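Engineer: Which chain is which? The protein sequence lines are X and W, in order.
Read in order, the letters of the first sequence are residues 1 to 329 in my numbering.
Read in order, the letters of the second sequence are residues 1 to 226 in my numbering.
No wet-lab data here; the hints were simulated from the structure.
One thing to keep in mind: the hints can contain errors.
Stated by the list, open to error - Pulled a few chain W residues facing chain X out of the computed Cβ check, cut under 8 Å:
1. 18
2. 19
3. 57
4. 80
5. 98
6. 101
7. 133
8. 137
9. 168
10. 170
11. 173
12. 187
13. 209
14. 210
As the list claims (entries may be wrong) - Footprint (simulated), chain X over chain W, 3 or more residues, beta carbon under 8 Å:
15. 31-41
16. 102-108
17. 155-163
Given the structure is predicted, the values throughout are model-derived calculations rather than measurements.
Heads up, the beta-carbon is just placed ideally off N, CA and C, and yes, glycines get one too.
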Amino acid sequence: MAHWRHSLEGKLILRLAGIHALALAIGFLALAQRHYLLRHGVSDTIVVWAFPLFAFAVLGVVIYTVRASLRPLIAASRQAAAIVPGAAGARLEPGRAPAEIMPFIHAVNEALERLDQAFQAQRRFTADAAHELRTPLAILTAGIEALPPGEAVTKLGEDAARMSRLVIQLLRVARLDSQPLPQMQAVDLAQIAAEVGGHMAPWIYQQGREVVLEAPDRPVLVHGDEEALSGALRNLIENAVFHAPVGTEVLVTVLPEGRLSVIDHGAGVPPEHRAQLFERFWRAHGMRRQGAGLGLSIVAAVAQAHGASIMVEDTPGGGATFTMDFPMR
Amino acid sequence: MRFLVVEDEPRIAELVAGALRKAGFVVDVQQSVEDACHALDLFPYDAMVLDLGLPDGEGLDVLRATRVKGHRLPVLVLTARDTLEDRVGGLDAGADDYLVKPFASEELVARAKALLRRPGLALGIVLQAGRLALDTLGREALVDGRPLMLGRQELALLEHLMRRHGRVVPKAVLEDKLYGEGDEIASNAIPVHIHHLRRKLAEAGAGCGIQTVRGIGYFLTEEAQA
Ligand SMILES: Nc1ncnc2c1ncn2[C@@H]1O[C@H](COP(=O)(O)OP(=O)(O)O)[C@@H](O)[C@H]1O
Ligand SMILES: [Mg+2]
């Protein structure tokens, strides 16, 4: 075995053999010296010292060799602890690890490789599924719109819209699963809120509600993914609009300490629902026709990926207030 | 005004073309990169609706080819992929706007019109909303042919809101617009102008109005026509 000398066993044998050879040499020298001293009538003590010194040297070499050999293993465990799902290409560095643990490190790396491939396959599947589902939905939507107007056509249109929304949300969930943290960088919460609010405002106006933004003039920078955050905020605003009575306003606030809230004046969320609210496919009774209960689970997944907390409270005077708190850098 | 629709999925092509024709445009449909490039060489289209996934290549190839040849026609990209990279890629390649499938036909027509409302393009000279027409060259606004008495700054604001019809224009952008005219403006100039504009539009029965989005900006609304 060519790697024999790099194994823990090999190192120990070589080093201990070295110490033994050294001890042997010293022993011989000591014998020779003793012989010489005796012949000149001088007494000696060196042989008395030699044995404990030898024992300490052996101990020292064993401890040093074992420690030094296992250090790369500790480094590898640290690397393993830092691996997050979806971080493609993360591998353990073998470094100068002893040959005994090499098979383990290689096995872990091969497992990571297979995981990477599985993630990639899922990502590709999500992208392909997105394409394959969106096209027929587009045909359906446009086809229904092209029909002569009537009550049945309006209902069909609503059904198709609900279907589209469900498919888009499912695709987003699948993407969050296969790619938890796509592009983290410094993003401005105030700007994201202004863009999402501005983008949704004409639709909200059509729904007979209003959206209002309160944000500082200065940027509120957090570490995050703009697309994911915009999507989460869109879901919160959409919920607020669905649940707020006609004629009321939905307030979006951004605070300099990294806090984003969406405040509505609807029925609010009763305390007994708050625990399940963020679970996938959960929705209150009577909400079946509204949606699939995915919106808030997406918000929660995005919050978690950002190390942010998400909570729901009562709006003073009635309604729900959803708040995300981001860690500031 | 003539549109080129490049889309290989026949049903979508048919429905997109149908929606645009209903809005009063003339529409040609092509189904491949090669045919689209050929058609663009033959006819000076006013705008193009472009699908990204085509049988013989990427829709973006058509876009790059037209830009290389110096065509400045506005392009609305359709895509079934919705990741940010795809979008940024499309806009980098010179697309003017993008729409993710599935979309409402109404939205498609609104976006297509918005593209043509840019300065110098087919709908960009006389802007229309409700019964209001704004002649950007003659610098006057008319409601059913009767002139509306607007100040220069009011007209500039209205023009910008009309060009961005259906979308929110951030307050800061409107402020820049007025600064761009070389005017000193007070901190409450925009709300004051908007207030006056709103009153004048309502009094003239213009069939359109201006909605405030507090903390964000303003957008033009059109009353449903009876
Ligand atoms: N702003 C709100 N006010 C009151 N209830 C809400 C609000 N937002 C969400 N909910 C409740 O949470 C449930 C799940 O919401 P969500 O996860 O967004 O699902 P969906 O995609 O069906 O809208 C809804 O069915 C509703 O009961
Ligand atoms: Mg929802």
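Engineer: Where does the structure disagree with the numbered hints, that is, which hint numbers, in rising order?
Structural biologist: 3, 5, 7, 8, 11, 12, 13, 14, 15, 17
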